[in-house]
Amino acid sequence: MDVLPGVDPRAPLLEVNDLHVEFRTQYGVAKAVNGANFWLTPGETLAILGESGCGKSVTAQAIMGILDSPPGFITKGQVKYRGVDLLGLSEQQRRKVRANRIAMIFQDALSALNPVYTVGFQLGELFRIHRGMSRADARKRSVDLLEQVKIPAAKTRVNDYPHQFSGGMRQRVMIAMALALDPEVLIADEPTTALDVTVQAQIMGLLAELQRQRNMGLILITHDMGVVADVADRISVMYAGKVVEEAPVYDIYARPAHPYTKALLESIPRLDQKGQELNVIRGLPPALTDIPKGCAFNPRCRYAKDPCRQDPAPPAYAVAPHRTARCHFFREVLGE
Amino acid sequence: MSDVVLETKGLVKHFPITQGIVFKTKVGAVQAVDGVDLQLRRGETLGVVGESGCGKSTLAKLLVGLEKPTAGSIMVRGQDMVRLRGNELRKARRNIQMVLQDPYTSLNPRMTVGDIIGEPFEIHPEVVPRKGRERAVQDLLDTVGLNPDHINRYPHQFSGGQRQRIGIARALALKPEIIVCDEPVSALDVSIQAQVINLLERLQNEFGLSYIFIAHDLSVVRHIADRVAVMYLGRVVELGYDREIYDQPTHPYTQALLSAVPVPDPRLRGHRDQIVLEGDVPSPANPPSGCRFRTRCWKAQDVCAKQDPTLVPRERSPHPSACHFAEIRDVVHGH
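Each protein sequence line maps, in turn, to chains A and B. If you're matching positions, the first sequence starts at 410 in my numbering and goes up one per residue. If you're matching positions, the second sequence starts at 4 in my numbering and goes up one per residue.
If you are wondering where the hints come from, they were derived from the structure by calculation, not from laboratory data. Beta carbons are placed, not taken as given, at the ideal position from N, Cα and C, and that holds for glycine. Mixed in with the good hints, there may be bad ones.
Claimed, not checked - Not everything, but these chain A residues come out facing chain B in the computed CB check (under 7 angstroms): (1) Ala603; (2) Thr607; (3) Gln611; (4) Gly635; (5) Ala638; (6) Ser676; (7) Arg679.
Unchecked claim - Here are the simulated distance ranges between beta carbons: (8) Arg270/B / Asp720/A: 36 to 42 angstroms; (9) Pro730/A / Val315/B: 56 to 62 angstroms; (10) Ser189/B / Asp591/A: 49 to 55 angstroms.
Said to hold, decoys possible - Calculated from the model, a selection of chain A residues having no Cβ within reach of chain B, i.e. all distances over 10 angstroms: (11) Gly415; (12) Met473; (13) Leu496; (14) Gln557; (15) Tyr570; (16) Ser575; (17) Gln620; (18) His632; (19) Lys683; (20) Asn688; (21) Gly744.
Work out the full structure: start from the sequences and follow the hints.
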């Protein structure tokens with residue numbers, strides 16, 4: 410593996426500090442990410458939870474360096490991998506980080522894979538380009554990988570095209586591709602949203618197993634509070650481009666500290682009990698071109714008071730060790 | 004509650020698979036729906052759950068008459084919808100309306116909201132006289148929680164949740180007794196989902212509607228349904244009240260399906276029965292003999308391949324279950 414200058418093995422695996430991303434469009438500047446902060450340690454699963462348009466996928470793209478630019482621009486912040494700020498690297502150096510150190514799987518495997526090449530060719534490409542392997546060796550490794558992600562008859566299926574696989578199998582191919590070069594960080598952007606529940610269970614089980622074997626850090630981007638409760642160690646809840654609450658998984662479900670998290674938890678129907686009328690978060694998420702002053706959630710919040718409607722936005726208050734919430738009234742929300 | 008408003012008997016829909024361009028010869032059939040018997044009672048919500056390809060959307064299309072069944076009957080108010088023609092069919096259809104999944108593609112972008120919601124009146128002019136239509140559309144907008152002054156706006160000026168409300172208003176226009184909802188909330192964010200679910204429940208109480216609620220999200224179905232039918236490869240494999248299906252499932256497929264749904268409570272992690280099924284759903288063009296679930300079932304024995312289990316109550320299943328070895332197993336609650 411190529412050595413990245415300045416890598417400090419003792420530094421945190423991944424750290425995102427005050428990340429800002431905006432999209433400059435003809436309709437105005439859409440502020441997709443407005444100061445995202447989080448970190449990740451080896452073997453840990455961090456869930457980034459949020460609804461459409463909260464900036465979770467854009468954050469992932471910024472970390473990977475695959476943001477469409479223009480219109481997307483990173484205006485501020487750092488993405489540090491083992492102490493190296495990735496945003497300061499040249500494109501050549503970033504290519505070495507991608508897939509080697511930090512890899513990503515996407516929601517829709519069919520559009521993420523190239524339809525005109527076989528799965529084996531696309532997997533082998535990684536080894537040939539990043540590792541300089543011969544075609545024959547690359548092919549052998551591809552078969553190995555497909556076996557690791559438990560695709561039956563990997564030896565013959567390596568010659569199939571993406572459309573010949575079912576949705577679940579295709580997602581396995583994506584996972585194989587992401588893990589090909591033994592990355593230390595895997596970002597999974599809604600990996601099971603397009604799949605049926607029984608297939609989702611298979612894929613989440615596979616991801617957890619591979620993560621354990623490799624002691625990999627996993628960032629799981631999702632809107633599904635059920636999946637998060639099943640696999641995450643820590644959760645970052647995003648709203649309008651900010652991490653509004655960050656906490657260990659047990660704490661957040663037992664006692665949310667931010668009104669948005671609380672409302673979100675109350676608004677989902679549950680499988681194990683028949684509820685009364687669901688609690689509703691009134692209104693809509695804000696347009697990213699016109700984010701409300703102060704706390705972005707204030708127009709929808711039942712705790713909102715005057716300070717919430719004024720700038721500056723609430724800072725990340727320390728609620729407990731390893732736990733923050735961007736709400737002036739977190740004590741009230743916690744029920745203290 | 005025993006007042007049945009809709010009943011299907013032996014409902015079958017096979018889509019032919021043909022070969023050749025000039026002389027199309029039939030080489031097989033996709034058995035999308037293969038013998039479904041259901042009853043819908045007045046004022047109740049019947050949930051239909053299952054994974055992609057199980058035939059639940061085809062069932063919805065059959066019920067509202069968008070597809071013609073290969074065999075079977077759909078009885079509404081004592082009339083067989085399948086056999087009705089012309090004017091009688093048109094009249095009968097008024098009574099059974101549909102809410103579609105994707106509010107982005109199911110509303111014509113070139114029509115105003117008023118035209119979209121008022122269009123059913125063009126086809127059924129007897130419902131509201133021409134003069135009263137604008138008023139009627141505004142009332143409908145108000146009923147579903149939209150601003151009646153927005154009657155001249157276009158769909159793109161509304162958010163996803165609001166668009167789904169427009170779709171619901173359109174379904175209500177003809178004052179039907181039955182509404183078939185095909186995945187009405189699956190395209191929406193969770194916070195918006197709750198708003199639409201609450202709206203559907205309120206409308207049901209207000210107008211005494213009966214819903215067929217089709218969804219792949221089992222938690223949503225539990226919330227809204229009184230009874231639930233679980234489908235697998237074109238057939239109903241288990242049928243019962245929500246508590247019977249969720250707390251005492253007896254069909255192995257239902258059990259596997261329920262155990263795969265994540266519960267938003269980390270304390271249950273590792274304390275729930277997890278059944279992970281192997282492999283994928285077989286092709287509906289070539290379903291397994293006998294019980295269709297046997298290829299993925301851990302209980303399967305020889306009899307399952309030979310004898311097709313019928314949907315009836317069994318010794319260890321107080322509610323109908325299509326499994327020779329039906330037995331209660333609680334997979335939802337932690338232990």
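query: Looking at Leu496/A again, its CB stays over 10 angstroms from all of chain B?
result: Non-interface label stands for Leu496/A: nearest chain B Cβ at 30 angstroms, farther than 10 angstroms.
Checking hints one by one. Is Ala638/A an interface residue toward chain B, by the C-beta closer than 7 angstroms rule? This interface hint holds because 5 angstroms falls under the 7 angstroms limit.
Interface-negative label, Lys683/A against chain B, beta-carbon threshold 10 angstroms: Answer for Lys683/A: violated, closest chain B Cβ roughly 6 angstroms.
Requested in this report: Confirm or reject the statement that Asn688/A sits farther than 10 angstroms, beta carbon to beta carbon, from all of chain B.
Outcome: The assertion about Asn688/A is violated, with a minimum of 7 angstroms to chain B.
Is the Cβ of Met473/A more than 10 angstroms away from each Cβ in chain B?
Label holds. Min Cβ-Cβ 24 angstroms, cutoff 10 angstroms.
- prompt: Can we trust that Tyr570/A is non-interface, i.e. its beta-carbon lies farther than 10 angstroms from all of chain B?
  reply: holds, 17 angstroms
If I take the minimum Cβ distance from His632/A to any residue of chain B, is it greater than 10 angstroms? violated, 6 angstroms
Arg679/A as an interface hint toward chain B, with CB separation required under 7 angstroms | Because about 6 angstroms separates Arg679/A from the closest Cβ in chain B, which is inside the 7 angstroms limit, the hint holds.
When you take the CB atoms of Pro730/A and Val315/B, is the distance between them in 56 to 62 angstroms? Hint holds: Cβ distance 58 angstroms, inside 56 to 62 angstroms.
Handout entry: Whether Gly415/A stays farther than 10 angstroms from all C-beta atoms of chain B, as the label says
Key = holds, 37 angstroms
Whether the CB-CB distance between Ser189/B and Asp591/A falls inside 49 to 55 angstroms = violated, 36 angstroms
| So is Gln557/A really clear of chain B, every C-beta pair being over 10 angstroms apart? | holds, 17 angstroms
Comparing the model with each earlier hint shows violations of hints 1, 10, 16, 18, 19 and 20; every other hint is respected.
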